[in-house]
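> Read off the chains here:
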Amino acid sequence: MSALSWSSPGFFYLLPLALLPWFIYNHSKTIAWSKLVPVDPLSRWINLLLKSLASGIIISLIMALAGPHIPEQTVERYGEGAEFVVLLDRSRSMDEIFARPPLNTLRTERTRFKSKRVVSTDYLLEFVEGRPDDRFGYVYFSTRSVEILPLTYNRDAILATIRAGGLGKGISKTNIVEALQLAGKMYEKEAYRGSRNVLLISDGGQILSSAEKRRLKTIYEHMNLNLYWIYLRSVRGMTLDESEQDSVLWEDLPERKLHTFFKTLAVPYQAYEAGSLEEYTAAIDEIDRQQYQRLLVAQRLPRESKADVFLWLALGGLLVLVASFWLSYAGVWQAYRKTA
Amino acid sequence: MILSYPRRILLTAIIMTLTLLLIIAALWLPPVPRDVKIMDSIFVLDITDSMNVEDAEMDGEKLRRLTWAKEFTRRTLLELPCGSHVGLAVFSEARSLILMNPIEICTNYNDLIQMLGQIAPTMAWARSSEVSKATYTAIRQAENIDPKPSIVFLTDGHESPPIHESLFPKFQGTPGEIKGVIVGIGGSDLLPIPKTNEQGEIEGFWDVNEVMHVDVYASTRGDMAERNAQKPRTEHLSSQKKSHLETLANRVGFDFVSSPKDPQKLVNRIRAASETREVTIDYDLYAWLSGLALLLVLLVFLPYRWIGLGDAN
Numbered sequence: 002m003s004a005l006s007w008s009s010p011g012f013f014y015l016l017p018l019a020l021l022p023w024f025i026y027n028h029s030k031t032i033a034w035s036k037l038v039p040v041d042p043l044s045r046w047i048n049l050l051l052k053s054l055a056s057g058i059i060i061s062l063i064m065a066l067a068g069p070h071i072p073e074q075t076v077e078r079y080g081e082g083a084e085f086v087v088l089l090d091r092s093r094s095m096d097e098i099f100a101r102p103p104l105n106t107l108r109t110e111r112t113r114f115k116s117k118r119v120v121s122t123d124y125l126l127e128f129v130e131g132r133p134d135d136r137f138g139y140v141y142f143s144t145r146s147v148e149i150l151p152l153t154y155n156r157d158a159i160l161a162t163i164r165a166g167g168l169g170k171g172i173s174k175t176n177i178v179e180a181l182q183l184a185g186k187m188y189e190k191e192a193y194r195g196s197r198n199v200l201l202i203s204d205g206g207q208i209l210s211s212a213e214k215r216r217l218k219t220i221y222e223h224m225n226l227n228l229y230w231i232y233l234r235s236v237r238g239m240t241l242d243e244s245e246q247d248s249v250l251w252e253d254l255p256e257r258k259l260h261t262f263f264k265t266l267a268v269p270y271q272a273y274e275a276g277s278l279e280e281y282t283a284a285i286d287e288i289d290r291q292q293y294q295r296l297l298v299a300q301r302l303p304r305e306s307k308a309d310v311f312l313w314l315a316l317g318g319l320l321v322l323v324a325s326f327w328l329s330y331a332g333v334w335q336a337y338r339k340t341a
Numbered sequence: 028m029i030l031s032y033p034r035r036i037l038l039t040a041i042i043m044t045l046t047l048l049l050i051i052a053a054l055w056l057p058p059v060p061r062d063v064k065i066m067d068s069i070f071v072l073d074i075t076d077s078m079n080v081e082d083a084e085m086d087g088e089k090l091r092r093l094t095w096a097k098e099f100t101r102r103t104l105l106e107l108p109c110g111s112h113v114g115l116a117v118f119s120e121a122r123s124l125i126l127m128n129p130i131e132i133c134t135n136y137n138d139l140i141q142m143l144g145q146i147a148p149t150m151a152w153a154r155s156s157e158v159s160k161a162t163y164t165a166i167r168q169a170e171n172i173d174p175k176p177s178i179v180f181l182t183d184g185h186e187s188p189p190i191h192e193s194l195f196p197k198f199q200g201t202p203g204e205i206k207g208v209i210v211g212i213g214g215s216d217l218l219p220i221p222k223t224n225e226q227g228e229i230e231g232f233w234d235v236n237e238v239m240h241v242d243v244y245a246s247t248r249g250d251m252a253e254r255n256a257q258k259p260r261t262e263h264l265s266s267q268k269k270s271h272l273e274t275l276a277n278r279v280g281f282d283f284v285s286s287p288k289d290p291q292k293l294v295n296r297i298r299a300a301s302e303t304r305e306v307t308i309d310y311d312l313y314a315w316l317s318g319l320a321l322l323l324v325l326l327v328f329l330p331y332r333w334i335g336l337g338d339a340n
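Here the protein sequences line up with chains A and B, keeping their order. Note that our numbering has the first sequence beginning at 2, numbered continuously upward. Note that our numbering has the second sequence beginning at 28, numbered continuously upward.
This list has only true hints and no planted wrong ones.
Here are the simulated DMTMM-like pairs of lysine to aspartate or glutamate, each with C-alpha atoms no more than 25 Å apart in a straight line: (1) K115(A) to E170(B); (2) K160(B) to D96(A); (3) K222(B) to E120(B).
A partial selection of chain B residues facing chain A, derived with a Cβ cut-off under 8 Å: (4) R122; (5) M127; (6) D138; (7) Q141; (8) W152.
What the simulated footprint calls covered on chain B by chain A, stretch by stretch (three residues with Cβ under 8 Å from a Cβ of chain A suffice, anywhere in the stretch; the number is not a length): (9) 37-45; (10) 49-58; (11) 311-318.
It should be emphasised that the hints constitute simulated quantities derived from the structure, not laboratory data. Note that the structure is predicted; figures quoted are calculated from it, not measured. The C-beta atom is built at its ideal place from N, Cα and C for all residues, glycine as well.
Bound conformation, chain A alone:
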């Protein structure tokens, strides 16, 4: 429960007006000599009470006008989910079509091709939409990596960022190492809440130097980050693991080297080769299944107006005051009728 805030505290300058009832003497009827009026402690008390009520009403109304509210706040609760840093490859190669048939295939059917970026955007959106309790951060990387959205629970923000990632063209080349390091740095800044994941979405590999390998190994093993690589293959049929049907062109590809390195890390690592759209969905679903652990979730409670409380106070006071006015009017009216 956080403290009450005021949206227009300027109204507090009106508070001295609450003294007004104490300056007014309502019995301006003609009295010969005030000392003739009998001392009546009960009516004095009633008078005091009514004036206090009037002051109270004025104060309550001013307070209600000042816009009392409990500001938007986040409460923490336990949920099921995980934290994800999405590393999206924005290099030019992501503009190419997804899983094109190898060049040596005969063109038999005309299929509509989508770029790798559009494909990854579509599925990322589906992934994020399906995981309400997760916390997401977003990094786009090319030659350089940029953390554009720090880890947040705000679904609108992450979805809008992912959508923006599907627009336009790629920037330049790919530097996966820097992106992977940046993801580690993003988690370093945060308190531990639950399962930490790095979701790398890229179509290319990179040959790492041994220094880079050591650095990544330290970061990932030390911070125990789960690594997922959604590999968007350019050519239909190419796999990260070597297989029987390998084409000579696929030997020693940087992707394969990177994959081999990731496998040596002592952290949970999984590569998903999104070959076709069906496989991509399967890959995402698999991560979905694995990453349901207890996680500290922050939930935003919207701002809540508390003006009603003050209005109720004013209403209570007014009921008494109005009753007393009508009562005294009835009394005075009767008295005047008698004398008339």
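Following the hints, put chain B in place on chain A, whose structure we already have.
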């Protein structure tokens, strides 16, 4: 006007009853729907080298143009009515890169500001600055967003490499289809441009011999060498290129504002330039009702004797 005592009591009782009714209304009257004009916009911030020149004025201080752009964007966001959608983009090289599609401003203010804070010269992926082409790409990408946002392009207008006035990059779209405002940043004096390295860190200034002083086309024409030599060699210096930005704004059907001071005025310009949508919001009348109630109560308790309205005794 002097009222007799019973009349005065009656009047007071009636006013207080009215007040009571007002407060009851404030408590129980449902919020009334009200139409608010909102718009979607994408703020494109120039992050090229020339934006590091410290000549943008805000609150009497000279700021880096990019710092100014970020701060002014933040202030403008605060002035936008709730329900408006805002997206963010950066411009480097020859194009605009949209970082976030437009999202509702009030509920997402925090994340928008977080992202705005991340925008830095280090994000630039190349060292050139082709403002007009970047404007075109921003427009082209805005066309793919539904509903189509307006574009608020914050730049100093410095083109590097320079363009030839008769060889202005062609705008393929329809002017005015995507609406927008170009916000010019920077002073009118030519100042040296801080130079960033590959990592985007500032290292000294651009030297006169490090930049192109004539456009790419003219520089390849041997027969124009003489004319080229007569051109002023000032492209390593930067100021706000107002006339260039005006020409550019005309070409794409945008509005142009040079160094705005008041964010509210910029919001008005954006609103005037944009296609607004009407959104119905629930408007709670409680403030008006309780304000009126307060006035009535005060009316009853005003010390009339002191201000000479009541009778003297």
